[in-house]
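Visitor: For reference, the chains in residue letters:
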Amino acid sequence: MRIYQGVDLVEIARLREAYERHEAFGEDIFTEEENEYCRSRPDVYSHLAGRFAAKEACLKAFGVGMGGFGATGRFGEIEVESSPSGKPALRLHGSMEKMGQRLKISQATVSISHAGEYAIATVILVGEDSVEDDG
Amino acid sequence: MAQNMINDERIMQEVIDAIVHTTGVEKDTITPDSSLVEDLGVLSLDFLDVNFRLEQVFGVKMARNFVLEHVEELFGEGMAIDENNEVTEKGVEILKMRLSEAAGDLEPGTPMDELPALVTPKTLAFAVKDIFSYLPEKSPAGADWKTEDGTRIVCSQTGEPAALPSGDEVVQNWLKSLQEEKQLF
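Here the protein sequences come in this chain order: A and B.
Per numbering that gives the first Met the number 0, residue 0 is the first one in the first sequence, and the count goes up by one each step.
Per numbering that gives the first Met the number 0, residue 0 is the first one in the second sequence, and the count goes up by one each step.
The set of hints was computed from the structure by calculation and includes no laboratory data.
Keep in mind that a hint or two might mislead.
Cut-off 27 Å, straight-line C-alpha distance, at most; resulting in silico cross-link-like pairs (BS3-like, lysine-lysine) [said to hold, decoys possible]: (1) B/Lys89 x A/Lys103; (2) A/Lys97 x B/Lys89; (3) A/Lys97 x B/Lys60; (4) A/Lys97 x B/Lys175.
Please work from the sequences and hints to get the whole structure.
Guide: This is the structure in structure tokens:
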């Protein structure tokens with residue numbers, strides 16, 4: 000078994016600024032369901048920032064780091080689903096799903112929290128141990 | 000030439016302005032070869048903001064997927080990125096061709112999370128310029144092009160924005176041409 004972990008902290012106001020400035024930001028970074036869920040909440044931007052942090056934490060866990068330049072699409076391929084109780088779960092699509100297969104990921108967990116000006120998320124991925132171990 | 004309607008200096012100036020407005024970094028500290036991550040301390044959200052700002056300024060759609068992911072999609076998994084998420088020899092070859100000197104020291108086995116450090120104002124300006132290189136000589140109305148605000152290309156007759164390929168289409172076209180020419184994969 001091999002464990003991959005990622006964490007990310009997001010300034011909620013900074014996320015709001017980018018989200019409101021560029022229409023494409025909301026459309027490309029978040030899925031329709033994520034936008035819909037967050038917009039149904041009273042504190043929309045805390046939830047969007049939490050989901051953004053989860054996506055970034057997932058990228059870090061995968062070892063691809065920042066999803067910015069030329070890789071904007073990765074954010075939209077990491078979806079944070081919400082159960083009726085509000086517990087989040089990760090669903091991967093497209094190239095991120097392929098990356099999960101490449102690293103033989105069998106389980107993924109995500110935890111999100113927000114307070115005051117910040118949102119934070121951690122992601123843990125569990126992979127099979129057949130991938131070469133670099134020690 | 001239609002492709003040179005927005006000169007290189009203007010593109011670079013807009014790239015640097017986008018970085019300044021997004022990050023608050025002092026303009027004087029930015030050079031065309033500054034690493035956005037290592038030299039300017041740009042964060043992921045800033046990367047995205049810069050990207051979307053450039054789209055608004057130039058009226059283009061920047062690439063959503065990284066060049067190595069296009070290699071994987073076009074030529075098969077494992078061609079550019081190995082099972083440990085490290086860049087393969089072919090991946091390095093592609094990046095050196097695509098990013099020129101910014102990828103000069105790159106070695107096979109480099110972890111994927113080190114690649115954002117290769118992004119510089121020059122590589123961003125190149126990405127914009129590469130999209131503009133697809134501008135036809137004439138608009139669909141048969142008229143010349145003109146610029147609005149010096150950065151957005153529109154038809155001089157109808158005012159319609161130029162329909163340019165997305166950054167992803169441009170990268171895929173480049174990879175397909177490269178494959179035809181060099182048979183790398």
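Visitor: Need the status of pair lysine 97 of chain A, lysine 60 of chain B: alpha-carbon distance at most 27 Å?
Guide: Measuring from Cα to Cα gives roughly 24 Å; hence the hint holds.
Visitor: Does lysine 103 of chain A sit within 27 Å of lysine 89 of chain B, going by the straight-line distance between their CA atoms?
Guide: The hint holds at about 23 Å.
Visitor: Take the C-alpha atoms of lysine 97 of chain A and lysine 89 of chain B, compute the straight-line distance between them, and say whether it is at most 27 Å.
Guide: Satisfied, since the Cα-Cα distance of roughly 19 Å is no more than 27 Å.
Visitor: Tell me if the straight-line CA distance from lysine 97 of chain A to lysine 175 of chain B falls inside 27 Å.
Guide: Cα-Cα ~22 Å, so holds.
Hint check: no violations occur; every hint is consistent with the structure.
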